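Q: Here's the letter readout for the chains.
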Amino acid sequence: MENELKIDPILIEEFLKFNKNLIEAPKMVPAIDEINLEMTPYDVAYSEDKVRLLHFNSSIQKQHKTPLVIVYALVNRYHILDIHPQKSWIKNLLNQGFDVYLIDWGSPTNIDKYQGFDDYVNGYIDNCIDFVCDEADVEKVTLQGYCTGGTLATVYSALHPDKVKNLVVTAPVIDGKKDTTVVGNLAKHMDVDEMVKAIGNMPPEFMYYIFSILKPFEQGVEKYIHFFKNIHDKNYVDNFLRVEKWLHDTPSIPGELFRQWIKDVYQENLLIQDKMYVGNQLVSLKNITMPIFIQVAVGDHLVSPECSMPLYYAVGTEDKTMRIYPTGHVGMIASSFSQKKVLTELGQWLSERSK
Amino acid sequence: MISMESGAEFKNKIDPKEAADYFKHLSLFWTDMAYLISSKPSALILAGPMRKFSLQTKKLATEMIEANEDLIEFNTKLSEYYKQLSDTWTESQKRFNVKIPEIPNDVEHIESSKRVWIDIFENAFTQLFDSEKFGENFGKLISSEVELSKHWNNMLAVLLESVNVPTKDDLNEVYKELHSLRKRVSKLEKNERKSGVIHNGK
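Top line first, the protein sequences correspond to chains U and C. FYI, the numbering for the first sequence is 101 to 455, going by the numbering used here. FYI, the numbering for the second sequence is -12 to 189, going by the numbering used here.
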């Protein structure tokens, strides 16, 4: 019986253990709906349509006069910036003495399908910033944008430089032609005019599809095997479910905004060439004359570094800093690494410029 | 006398495009005829929504025929989409078999084989999704799906119009108007705030 297959008994044991975990999982793990993602307490300082300006409460004395307004991305909800007490971007900044506001876009519905860049930039963001300036009694704020929020913050700063003291952009989508990710490739081949005309807002299902084909095996297979192997580790499970809940909470994107986004930023690549128009105004990146801090992740599979980095060379300011981190798109904002490195560097840079 | 041809010969002689055009023409011809013949007497007995519906049946038939044409295009692109996925899967599995020819039988070996499997598949599929051929086919697949949904919308509009219920276009008009009103109100509020600030001497 030379060809008989010999199986390691430990392997059988592991297999049985994994099966036991599968059966026990529902008893040990809360359902996604039972998880509350609201971490740091906040007040809704201002609201307009479905947009809310959140003002986070802090027990620490404010140490910097200039308030920080975070423009969240258009994909998923803002909770990733406050996902876990030990990994919260917002909590870290509050602990560093910053006064933190965040723009939550809410969940657009059909009534919002004609909202475009102009409504978001010259409408919502501008109104939120006016409100913060009034409330904090300052002339200018520090503006930070993450991912597609980075693009909105960049466009805003180019159109309203008088209201922005510092600009911080984290993985912004800037040079669509140089984007080497799957998202960039698919965006370049869409007939977005017809799509928006027929569908209206970009539905969450479409966004899920785009994300499901990014790292399909690591994110679609291995991640879940790992989860079931570790269901006895409370911290791991808690963290895993929080991120999963965030990942699956994808609101629609207003049709007109999506159309302009794909056409102007990805297909025609107008933003980096200073040829993009928002509300009849030409967006010139040379108008960004305030200090700028650009954060890029080498392993970013959603916005490739090549897509964000050209901003450094396009802006008009001399006070510019770019940091390239050995992490990914989410790792840059919600990880132990971001707490230790990314936020520490950002805090230092900001505190020198927030007096 | 009708010549007896084999099925294959007959099939070779028919161009699918010509056949589709022929059936389209045939269907439109009879819908037109039915409308012409029946419209006068039907005008006498039909009133209200049903008359509207009977007038629009031609529109429905046209949409149905055109939707079928687009369905063919959609199926072609969908087949290509699955072909690309299955070719990549087969190729990746072949590569994996070359790299790990034996069946793993201990924990360490299983773990390393899993890692290799994920790496090979991840790379191959990311390469596919990044490729021009995938992007192009995917774009066309979405476009054909959009075309189908347009036909569906148009057919639905005919039905809704016949019972005097607002169609998608009617709602879009309302949304557009609301959007422009919201914008105007926001602008007015902003101007008022600004003038208020000036009045307050700030």
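Since the hints were derived computationally from the structure, they do not count as laboratory data. There's no promise every hint is true.
Said to hold, decoys possible - Think about it this way: if two alpha-carbon atoms lie no more than 30 Å apart in a straight line, the pair counts; the simulated DSS-like pairs of lysine-lysine are:
(1) C:170 / C:46
(2) C:163 / U:150
(3) U:240 / C:174
(4) C:137 / U:150
(5) C:127 / U:315
(6) U:297 / C:163
(7) C:163 / U:288
(8) C:174 / U:386
(9) C:64 / U:363
(10) U:120 / C:101
(11) U:375 / C:170
(12) U:375 / C:46
All values derive from a computational prediction rather than experimental measurement.
Q: If a hint holds in the structure, say so; if it doesn't, say that too.
A: So, going through the hints one by one against the coordinates:
1. C:170 / C:46: violated (37 Å)
2. C:163 / U:150: holds (17 Å)
3. U:240 / C:174: With a Cα-Cα distance of about 21 Å, the restraint between residue 240 of chain U and residue 174 of chain C holds, given a limit of 30 Å.
4. C:137 / U:150: holds (29 Å)
5. C:127 / U:315: Judged against 30 Å, a Cα distance of about 23 Å means the pair holds.
6. U:297 / C:163: Holds - the C-alpha atoms of residue 163 of chain C and residue 297 of chain U are around 13 Å apart, at most 30 Å.
7. C:163 / U:288: At roughly 27 Å apart (the allowed maximum being 30 Å), residue 288 of chain U and residue 163 of chain C satisfy the hint.
8. C:174 / U:386: holds (27 Å)
9. C:64 / U:363: Given pair residue 64 of chain C, residue 363 of chain U holds - Cα atoms ~23 Å apart, limit 30 Å.
10. U:120 / C:101: holds (21 Å)
11. U:375 / C:170: holds (24 Å)
12. U:375 / C:46: violated (43 Å)
Consistency with the previously given hints fails for numbers 1 and 12, ordered from lowest to highest.
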